[in-house]
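S.K.: Spelled out, the chains give:
Protein chains: 2
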Amino acid sequence: MIIDVHGHYTTAPKALEAWRNRQIAGITDPAARPQVAELVITDDELRESIEANQLKQMKARGSDLTIFSPRASFMAHHIGDFQVSSTWAAICNELCARVSQLYPDHFIPAAMLPQSPGVDPKTCLPEIDRCVREYGAVAVNLNPDPSGGHWTSPPLYDRHWYPIYERLVEHDVPAMIHVSTSCNPSFHTTGAHYINADTTAFMQLIQGDLFKDFPTLRFVIPHGGGAAPYHWGRYRGLAQELKKPPLTQHLLDNVFFDTCVYHQPGIDLLATVIPAANILFASEMIGAVRGVDPETGHNYDDTKRYIEASTGLTPAQKQQVYEGNARRVYPRLAAALEKRGK
Amino acid sequence: MIIDVHGHYTTAPKALEAWRNRQIAGITDPAARPQVAELVITDDELRESIEANQLKQMKARGSDLTIFSPRASFMAHHIGDFQVSSTWAAICNELCARVSQLYPDHFIPAAMLPQSPGVDPKTCLPEIDRCVREYGAVAVNLNPDPSGGHWTSPPLYDRHWYPIYERLVEHDVPAMIHVSTSCNPSFHTTGAHYINADTTAFMQLIQGDLFKDFPTLRFVIPHGGGAAPYHWGRYRGLAQELKKPPLTQHLLDNVFFDTCVYHQPGIDLLATVIPAANILFASEMIGAVRGVDPETGHNYDDTKRYIEASTGLTPAQKQQVYEGNARRVYPRLAAALEKRGK
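Protein chains in written order, with this note's numbering: chain A, 1 to 342; chain B, 1001 to 1342.
Excised from the complex, chain A in its bound form (with noise of 0.2 Å):
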């Protein structure tokens, strides 16, 4: 089994941004407000966005099961309040469970999580708890950098994030770091944003000592880990500077790195840097990156070509990247497929 485990709803039908554009018209102007029973997509609505999209490459790539969370540059917490991040999180999050219950051989959910910048993340936990135990969730995203680029929250290392850590260690469930868009005009979203910070976030738990606490808690860094695989030597010499331990033993235990880099040496690269049980398939299909590279004629983000090809890693090590590994960091999926006999 081929288990995708960063696939975002790009393609969610149309009434949904509809909606979220009168939400956010609503901010400033309260007679404008939508309820949230005027946002009406039917099954076939969904059905439809899935097949002709994520279905139809999952089929033509031979992946076979995605775990899926809300449109990532759509979460914008930095957009309104707590109300306003917690009701479009409710939306988004049940549209990823219902595309997850159409095709639950494809797709399982992962939930976005209704952070508003300055807000306690406290606030976050009631939508983890109705993801994980409605909706079957195996993971969450969590956003560093509520601000969208501005980056005026406290380090991931921080007390700050100790609420949402404790409740994530008590489902067992992982969160990937995702920022979402940037509204700093210095940072491209999918360019500069998302990657800086994978390498930010990257830092940060090599400046902390988080999994002492938190022993059992599990990050995946997406993206290939931003720029922390290519420069695995600084961040070495700078664990050492700190004098933290290696970091196969201050984070490997706890930090996992996902496939999403659009090219064979950058895959090659992280197979050769990064150890397989700390690697996770995933394309991020349909995502930032949608077209085809003249020089090889397939898409950027066909990541499971550049696994295939890869010589850094052994067959037993593709089906841990593939499979095994989705299994071991995200339990309930492991316990999800179990129950289905898979």
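Hints listed in this document are in silico derivations from the structure and should not be mistaken for laboratory results.
Note that the structure is a prediction, hence the values are computed from the model and not measured.
Note that the Cβ used here is the ideal one computed from N, Cα and C, for glycine as well.
Be a bit skeptical, because a hint or two may be false.
[Stated by the list, open to error] The calculated SDA-like cross-link candidates involving lysine to any residue, where the alpha carbons are at most 25 Å apart (straight line), are: (1) 318/A / 1265/B; (2) 1243/B / 1215/B; (3) 1318/B / 56/A; (4) 243/A / 1318/B; (5) 1059/B / 1048/B; (6) 56/A / 1264/B; (7) 1243/B / 294/A; (8) 1243/B / 297/A; (9) 1212/B / 1185/B; (10) 244/A / 1185/B; (11) 1244/B / 296/A; (12) 243/A / 1293/B; (13) 1342/B / 1135/B; (14) 1244/B / 297/A; (15) 1243/B / 53/A; (16) 244/A / 1264/B; (17) 244/A / 1296/B; (18) 1056/B / 241/A; (19) 243/A / 1073/B.
[Said to hold, decoys possible] Ranges between beta-carbon positions, derived for each pair: (20) 213/A / 1056/B: 36 to 46 Å; (21) 1030/B / 30/A: 27 to 37 Å; (22) 305/A / 1104/B: 50 to 60 Å.
Given the coordinates of chain A, work out where chain B should sit on it, guided by the hints.
M.R.: Chain B alone, transformed into the frame defined by chain A:
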């Protein structure tokens, strides 16, 4: 000849830091403000700080000449106003010029700029002129984020920066895009802010069309280009989505990457992905990562070892990386060397 294009004066005599601390105290307490003349550093003190450190390592490692600029993390453009930055830049640039005069075969200066957040970059022009004309500076370090981690300046393609570009073109000197210390607790200075800045700058250059306006302007992106080479497929794909020409055409006549990547697989990736003509040898020694890699027994920042061991570069390409490219990218360096018959 082996030219290291990226060295900072990180080992300046302690009197420099003491003077800077008094200058900073003087921002809020004008009575405490020191005179420039109160900073006295003798040639012997300069020699001691260089011979026991950079020069010793250069000889041990086998590099000949370093393009030498003020300590990057100490530029701290976010401190004080333009006047503070201006005085500080003048002092630091003079010290690098003096080191270069003491060791003309081993050091040649690059200038820091007296940037200050929110201040018109035009104010940097006199210092550029002075350093090029009086000190023979062959490059400048341009900070894309003088706020120190808050990223309040317009992107590099914005006309905001054009006065500096015009002057660089006039003098035919390249800019290394290099941030300074981070005062944002989210960003570790050398582990996140530096690398993020490289990635951010590269993506900004993809977004813009800067080199249409300045076809002879040249930028060096340090630290191996941040995350760019590792995510080269992503950047090729994003350029394609933005309807830009292929990266080789769009940027690679004007953008160069240094080799400050502190492990073998990182350098191997760089050499695989980036044309040899765009790679410049550098170590940033003595800099962010000063330790010995227990996996190799050598300093992390002894980057020459990785180039030597790289199978992705032919001997002729290594010669380009070590010397030929630097002469091309830094024409004033080439001229200075030729003048000395080198």
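S.K.: Look at each hint and say if it fits the structure.
M.R.: Evaluation of the provided hints:
no.: 1; hint: 318/A / 1265/B; result: holds, 20 Å
no.: 2; hint: 1243/B / 1215/B; result: holds, 19 Å
no.: 3; hint: 1318/B / 56/A; result: violated, 46 Å
no.: 4; hint: 243/A / 1318/B; result: violated, 35 Å
no.: 5; hint: 1059/B / 1048/B; result: holds, 15 Å
no.: 6; hint: 56/A / 1264/B; result: violated, 39 Å
no.: 7; hint: 1243/B / 294/A; result: holds, 14 Å
no.: 8; hint: 1243/B / 297/A; result: holds, 18 Å
no.: 9; hint: 1212/B / 1185/B; result: violated, 37 Å
no.: 10; hint: 244/A / 1185/B; result: holds, 19 Å
no.: 11; hint: 1244/B / 296/A; result: holds, 19 Å
no.: 12; hint: 243/A / 1293/B; result: holds, 14 Å
no.: 13; hint: 1342/B / 1135/B; result: holds, 19 Å
no.: 14; hint: 1244/B / 297/A; result: holds, 19 Å
no.: 15; hint: 1243/B / 53/A; result: holds, 23 Å
no.: 16; hint: 244/A / 1264/B; result: holds, 22 Å
no.: 17; hint: 244/A / 1296/B; result: holds, 19 Å
no.: 18; hint: 1056/B / 241/A; result: holds, 22 Å
no.: 19; hint: 243/A / 1073/B; result: holds, 21 Å
no.: 20; hint: 213/A / 1056/B: 36 to 46 Å; result: holds, 43 Å
no.: 21; hint: 1030/B / 30/A: 27 to 37 Å; result: violated, 50 Å
no.: 22; hint: 305/A / 1104/B: 50 to 60 Å; result: holds, 53 Å
Against the hints set out earlier in the document, violations occur for numbers 3, 4, 6, 9, 21.
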